[in-house]
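Chains as they are written, first to last, in our numbering: chain D, 1 to 560; chain E, 1 to 312; chain R, 1 to 131.
Be aware that one or more of the hints could be misleading.
Said to hold, decoys possible - Per label pair, the in silico range of CB-to-CB distance:
| no. | chain 1 | residue 1 | chain 2 | residue 2 | range |
| --- | --- | --- | --- | --- | --- |
| 1 | E | S69 | D | K508 | 30 to 36 Å |
| 2 | D | K416 | R | E45 | 26 to 32 Å |
| 3 | R | K104 | D | K469 | 16 to 22 Å |
Stated by the list, open to error - The calculated lysine-lysine pairs, modelled on DSS-like cross-linking and capped at a C-alpha distance of 30 Å, are:
| no. | chain 1 | residue 1 | chain 2 | residue 2 |
| --- | --- | --- | --- | --- |
| 4 | E | K35 | R | K82 |
| 5 | E | K9 | R | K85 |
| 6 | R | K126 | D | K450 |
| 7 | R | K85 | D | K473 |
| 8 | E | K65 | D | K519 |
| 9 | D | K416 | E | K198 |
| 10 | E | K72 | E | K222 |
| 11 | D | K535 | D | K515 |
| 12 | D | K473 | D | K508 |
| 13 | D | K415 | D | K442 |
Please keep in mind that the hints were generated in silico from the structure rather than gathered at the bench.
Only a predicted model underlies this, so the values are computations on that prediction, with no experimental measurement involved.
By construction, the Cβ of each residue, glycine as well, lies at the ideal position given by its N, Cα and C atoms.
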Amino acid sequence: MSNEKIQAELAKYEANVEKAVAKFPERKYLPEKRIYTPLDVKGDEAYAEEIGFPGQYPFTRGVQPTMYRGRFWTMRMYAGFSTAKASNERYRYLIANGGTGLSCAFDLPTQIGYDSDDPISEGEVGKVGVAIDSLADMEVLFDQIDLGKVSTSMTINAPASVLLAMYIAVAEEQGVPADQLRGTIQNDILKEYAARGTYIFPPKPSMRIITNIFEYCSKNVPKWNTISISGYHIREAGSTAAQEIAFTIADGIAYVDAAIKAGMNVDDFAGRLSFFWNAHNNVLEEVAKFRASRRLWANIMKNRFHAQKPKSMMLRVHTQTAGSMLTAQQPNNNIVRVALQTAAAVMGGTQSLHTNSRDEALALPTQESVTIALRTQQIVANESGLADVIDPLAGSYYVEAMTDRIYNEAAEYIKKIDEMGGAVEAIEKGYIQKEIQDSAYKWQMDVENKRRIIVGVNEYIDENEEPPKGLLKIDASVGVEQCKKLADLKAGKPINKMTKGRDNDAVKAALAELKDACKKDESENLMPHILKAVKTYATLGEICGVMREVFGEYEAHVSL
Amino acid sequence: MDIVEELLKGNRLALSKAITAIENEYDEATEIMTKLYPHTGNAYVLGITGPPGAGKSTLTDKIAKEYRSQGKTVGIIAVDPTSPFTGGAILGDRIRMNSLTMDEGVFIRSMGTRGSLGGLSHKTADAVKAMDAFGKDVIIVETVGVGQSEVDIVKAADTTMVVLIPGMGDDIQAIKAGILEIGDLFTINKSDLPGADKLVREINMMLDLDSFMTDWRPPIQKVVANQGEGISELVGSVQTHRDYITEKGILDQRRTKRAKDEMLDILNSNLSRYIKSRIVDTGRLDSYVEQFQQHRADPYTVVGDIMSEMLR
Amino acid sequence: MDKKVRVLVAKPGLDGHDRGAKVVARALRDAGFEVVYTGLRQTPEQIAEAALQEDVNVVAMSILSGAHPHLFPKVVNLVREKGMKDVLIIGGGVIPEGDIPALKEAGVAEVFTPGTPTSDVVEFIKANVKA
Ligand code: B12
Ligand SMILES: Nc1nc2c(ncn2[C@@H]2O[C@H](COP(=O)(O)OP(=O)(O)O)[C@@H](O)[C@H]2O)c(=O)[nH]1
Ligand SMILES: [Mg+2]
Chain D
1 MSNEKIQAEL
11 AKYEANVEKA
21 VAKFPERKYL
31 PEKRIYTPLD
41 VKGDEAYAEE
51 IGFPGQYPFT
61 RGVQPTMYRG
71 RFWTMRMYAG
81 FSTAKASNER
91 YRYLIANGGT
101 GLSCAFDLPT
111 QIGYDSDDPI
121 SEGEVGKVGV
131 AIDSLADMEV
141 LFDQIDLGKV
151 STSMTINAPA
161 SVLLAMYIAV
171 AEEQGVPADQ
181 LRGTIQNDIL
191 KEYAARGTYI
201 FPPKPSMRII
211 TNIFEYCSKN
221 VPKWNTISIS
231 GYHIREAGST
241 AAQEIAFTIA
251 DGIAYVDAAI
261 KAGMNVDDFA
271 GRLSFFWNAH
281 NNVLEEVAKF
291 RASRRLWANI
301 MKNRFHAQKP
311 KSMMLRVHTQ
321 TAGSMLTAQQ
331 PNNNIVRVAL
341 QTAAAVMGGT
351 QSLHTNSRDE
361 ALALPTQESV
371 TIALRTQQIV
381 ANESGLADVI
391 DPLAGSYYVE
401 AMTDRIYNEA
411 AEYIKKIDEM
421 GGAVEAIEKG
431 YIQKEIQDSA
441 YKWQMDVENK
451 RRIIVGVNEY
461 IDENEEPPKG
471 LLKIDASVGV
481 EQCKKLADLK
491 AGKPINKMTK
501 GRDNDAVKAA
511 LAELKDACKK
521 DESENLMPHI
531 LKAVKTYATL
541 GEICGVMREV
551 FGEYEAHVSL
Chain E
1 MDIVEELLKG
11 NRLALSKAIT
21 AIENEYDEAT
31 EIMTKLYPHT
41 GNAYVLGITG
51 PPGAGKSTLT
61 DKIAKEYRSQ
71 GKTVGIIAVD
81 PTSPFTGGAI
91 LGDRIRMNSL
101 TMDEGVFIRS
111 MGTRGSLGGL
121 SHKTADAVKA
131 MDAFGKDVII
141 VETVGVGQSE
151 VDIVKAADTT
161 MVVLIPGMGD
171 DIQAIKAGIL
181 EIGDLFTINK
191 SDLPGADKLV
201 REINMMLDLD
211 SFMTDWRPPI
221 QKVVANQGEG
231 ISELVGSVQT
241 HRDYITEKGI
251 LDQRRTKRAK
261 DEMLDILNSN
271 LSRYIKSRIV
281 DTGRLDSYVE
291 QFQQHRADPY
301 TVVGDIMSEM
311 LR
Chain R
1 MDKKVRVLVA
11 KPGLDGHDRG
21 AKVVARALRD
31 AGFEVVYTGL
41 RQTPEQIAEA
51 ALQEDVNVVA
61 MSILSGAHPH
71 LFPKVVNLVR
81 EKGMKDVLII
91 GGGVIPEGDI
101 PALKEAGVAE
111 VFTPGTPTSD
121 VVEFIKANVK
131 A
């Protein structure tokens with residue numbers, strides 16, 4: 001059919017529908033059109049340039065040529081709570097049950113660079129992640145896990161350098177050289193300022209630490225993903241799909257800029273950059289988002305930064321299903337939501353995936369709930385057929401049109417952010433935060449006004465619902481135990497698997513050396529100094545304390 | 001609790017309650033003000049105005065710290081806009097001053113404009129007096145910062161600082177009209193951003209053309225508030241201005257003018273309250289209006305009658 | 001006479017989850033309240049002192065990190081110690097059912113958990129505030 005013909009038929013159809021829907025209240029507030037046709041997509045000429053083939057620029061259809069025809073994505077369950085010992089048991093359980101990568105959640109004191117015995121940590125130790133105070137805890141966390149085999153992702157940002165150093169040190173003790181280590185540190189400070197909240201230092205020294213890590217790893221830990229540029233948290237804080245990829249790619253641009261400014265060659269580090277997306281409830285919109293993001297990043301790396309290697313242009317992505325879509329009401333329904341979100345991530349072509357548990361809105365997940373969440377991935381992989389064909393939704397009028405729409409919307413945002421002077425400036429101005437908050441508030445009001453129905457929350461409510469039972473509870477004694485061990489460590493007594501106590505003079509010397517290095521400019525790489533300090537069993541709080549003294553602390557920019 | 005007695009003894013909760021009574025026009029507010037009045041007149045009042053986002057709150061935080069390091073106690077009143085539609089407000093200045101919260105020598109109070117249009121709330125001046133009576137050495141008043149109509153601050157402050165930032169483009173032209181004549185000091189914040197020097201030149205040019213010019217030439221200072229750069233110099237300029245207006249008798253003139261304005265304000269608002277209670281609340285207004293509509297009376301004659309009735 | 005309800009929306013402890021707190025703050029503003037938001041990482045001492053200086057009628061805390069058993073009661077005690085007997089203290093976030101009785105015992109008037117419409121919060125404040 002020619003375009004004119006389609007146009008005419010469409011007009012006829014629309015006229016008919018108008019009559020038909022006049023009798024029913026149509027769900028008119030929906031942002032999308034009723035149907036999509038060939039008129040909504042570009043012709044075949046655009047195929048090579050904008051869609052192409054898997055593993056080829058612009059990677060709209062996926063970053064590897066084989067995708068899941070080769071192997072499935074990495075099933076990586078985010079976990080960590082209480083002590084290193086308890087978390088180690090959970091990790092080994094997940095590996096035993098077919099989990100193919102580790103993902104460590106740290107408690108808030110660890111993420112903000114405080115020891116468990118810091119007054120500010122009171123009540124928070126081990127609550128939402130594992131407490132790591134020193135190398136001695138890290139040794140326990142990875143006990144009996146071969147770091148030469150497993151790939152480990154660590155959700156750690158402001159103190160990423162310290163945790164990475166601890167990981168390298170543990171590997172060394174296991175006899176695994178650094179150049180064999182595979183894994184990821186999140187290391188994305190910009191989204192901490194904008195959406196996640198575990199920042200420590202101001203932007204300038206933070207960016208220096210990040211580029212120091214890029215440089216150190218490119219030479220010493222070449223298989224390590226040095227950053228996971230994260231949209232997940234931006235989305236969870238309330239953004240839209242287009243905002244998620246726009247703000248994240250803008251952050252990515254800022255990191256690439258910083259590394260180039262620090263004297264690195266784009267192709268030396270860009271291949272180790274990775275991304276982190278959210279898989280939300282609207283399945284098709286999410287698939288379009290994944291596809292749009294790959295095309296956008298490839299375009300930027302090629303045309304803006306003149307990357308040469310295809311690897312530098314690939315947006316490789318870890319995904320987590322949207323926790324904020326899971327409800328405290330009728331929690332078993334969450335299993336279904338997660339299955340749909342998983343479908344979105346898989347049809348979107350993710351490289352690895354965490355699926356949330358049904359108790360998401362209630363507490364950290366129980367082992368049983370985590371197992372269901374992991375099984376959900378395995379079912380989608382093996383039983384649903386969704387992983388059998390690469391980029392199965394390509395060519396759908398709707399999905400292609402939406403891919404374009406999200407691409408354009410995101411590109412528009414990036415342009416605006418460029419005009420403000422880049423992501424750092426836009427965050428400093430509070431612009432990105434404000435956009436996210438506006439979307440979050442709109443979402444909340446849409447739910448309260450029932451423009452959006454959330455099953456079990458504002459419709460299909462079960463008045464007689466019993467409070468859920470058997471939730472995971474973190475004992476308050478974790479904090480006490482952790483502090484006791486820390487006191488011993490600081491007093492020079494051996495703890496955990498240590499054979500002898502730490503040498504406090506060596507600790508002091510290493511910290512002094514680190515402090516001097518911090519004071520120098522960014523050409524002085526901090527990583528070797530941090531590694532040295534970590535090996536003396538200097539604590540995370542001691543190390544970050546020294547850095548705080550030199551770098552100062554970030555003050556957040558809140559505007560409501 | 002006897003609010004006044006406790007306030008004068010240095011009880012922070014009493015100060016807080018006094019400001020609430022003033023702000024909400026509680027019945028006891030007049031009595032509180034009456035009793036506090038003799039204890040006022042000792043604090044120096046610094047007004048800070050400028051467009052939203054210029055860094056007024058950040059600057060207030062840093063200036064307060066500078067005064068603290070000089071051993072002075074500080075009161076801060078930060079005004080934010082009240083929504084004319086809902087009457088609600090987000091009072092967001094305090095968040096930039098969080099690190100002052102635990103300093104006992106500092107007291108921060110946020111206020112909504114509650115319908116006032118001049119950049120402060122109607123009760124800001126009285127709240128300043130309460131802090132003054134409490135014994136604060138310096139009181140910093142941060143205005144809403146909507147730009148053109150920020151004139152109230154001049155009435156409330158001894159020294160008025162206007163904060164501007166580079167990159168405002170043509171905005172400066174618009175702002176100029178309302179703000180140029182009220183500035184005793186011009187502060188160019190965010191001088192870390194490009195365009196600060198250009199802005200200094202522009203303001204200088206405007207000051208050159210300014211016909212109000214006395215022999216006080218407002219200094220124009222560049223600062224970077226969020227990094228604390230240039231703050232002690234800035235506070236130095238406040239002192240220089242203070243010395244200047246003290247010596248020239250201008251401070252006295254300003255305070256005299258303020259006393260007059262205040263007296264008239266109080267008189268005005270009491271009168272209108274009185275009129276409201278006698279004319280509006282009693283239903284007399286409605287019956288007059290009915291007569292006007294039937295052309296049985298006219299408002300001029302009626303008002304004349306009322307005036308002679310009330311002033312008898 | 002203009003009696004405005006003043007609310008301090010506070011984030012005690014290290015928790016960085018602020019989506020809920022910000023949504024609630026905005027909703028309270030739109031309901032006609034004057035809202036002071038503290039931002040992240042406030043100690044109980046800072047929250048109590050801010051409540052005093054701002055003479056708020058309501059202290060509204062949000063915690064999703066599980067530190068509520070420690071932090072909520074601490075704020076309540078400090079606020080009361082400072083002589084603010086009438087201040088309504090409420091909390092919200094990811095708070096397990098089982099923890100709520102103890103929090104109420106400690107003086108938290110009500111606890112709002114995920115899925116609560118903000119209008120419920122507004123109604124609760126209007127019904128219980130002493131202004
Ligand atoms: C969004 C989210 C995030 C976002 C936060 C973005 C942001 N800027 O806020 C991101 C992705 C960054 C994030 C990160 C983390 N998260 Co999180 N997150 C969530 C999630 C999915 C939704 C929370 C949310 O915002 N909902 C939407 C808002 C509008 O709802 P709400 O906050 O519940 O608020 C409503 C009510 O609770 C109530 N309310 C809330 N506060 C207040 C206050 C007052 C005064 C009143 C009256 C009412 C009220 O009213 C609101 C309107 O209905 C929850 C799980 C869930 N579904 O609840 C996990 C959850 C809170 N996170 C969790 C964890 C562990 C983390 C991490 C610590 C993980 C880690 N180890 O790194 C990090 C660290 C974050 C940090 N800095 O503290 C856990 C906490 C476990 C616990 N308490 O036992 C949860 C429960 C998930 C889980 N089961 O594991 N998270
Ligand atoms: N680049 C830069 N930003 C600043 C400076 N001073 C303040 N800011 C930022 O400007 C924003 C607005 O500041 P704020 O004090 O709230 O402004 P106000 O609305 O005038 O009170 C905040 O994000 C501050 O951190 C500065 O000197 N340089
Ligand atoms: Mg301000």
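Now the hints, each set against the structure:
Between S69(E) and K508(D), the C-beta spacing of about 31 Å keeps the proposed range 30 to 36 Å intact. In this structure the hint that K416(D) and E45(R) lie 26 to 32 Å apart at CB is violated, the actual value being about 41 Å. Taking 16 to 22 Å as the suggested C-beta distance range, the pair K104(R) and K469(D) conforms, at roughly 21 Å. This hinted pair checks out: K35(E) and K82(R) have alpha carbons roughly 25 Å apart, not beyond 30 Å.
With a C-alpha separation of about 21 Å, the suggested pair K9(E) and K85(R) falls inside the 30 Å cut-off, and the hint holds. Using a Cα cut-off of 30 Å, the hinted pair K126(R) and K450(D) holds, with the two alpha carbons roughly 23 Å apart. Pair hint K85(R) plus K473(D) does not hold up; C-alpha atoms about 33 Å apart against a cutoff of 30 Å. Annotation: proposed proximity of K65(E) to K519(D) holds, straight-line Cα distance about 26 Å (limit 30 Å).
Restraint check for K416(D) and K198(E): the C-alpha separation of about 24 Å stays at or below 30 Å, so the hint holds. The suggested pairing of K72(E) with K222(E) holds, with an alpha-carbon distance near 24 Å, which does not exceed 30 Å. For the hint pairing K535(D) with K515(D), the CA-to-CA distance comes to about 16 Å; that is within 30 Å, so the pair holds. Between the alpha carbons of K473(D) and K508(D) the distance comes to roughly 38 Å, so the proposed pair goes past 30 Å and is violated.
Annotation: proposed proximity of K415(D) to K442(D) holds, straight-line Cα distance about 24 Å (limit 30 Å).
Violated hints for the displayed structure, listed by number in ascending order: 2, 7, 12.
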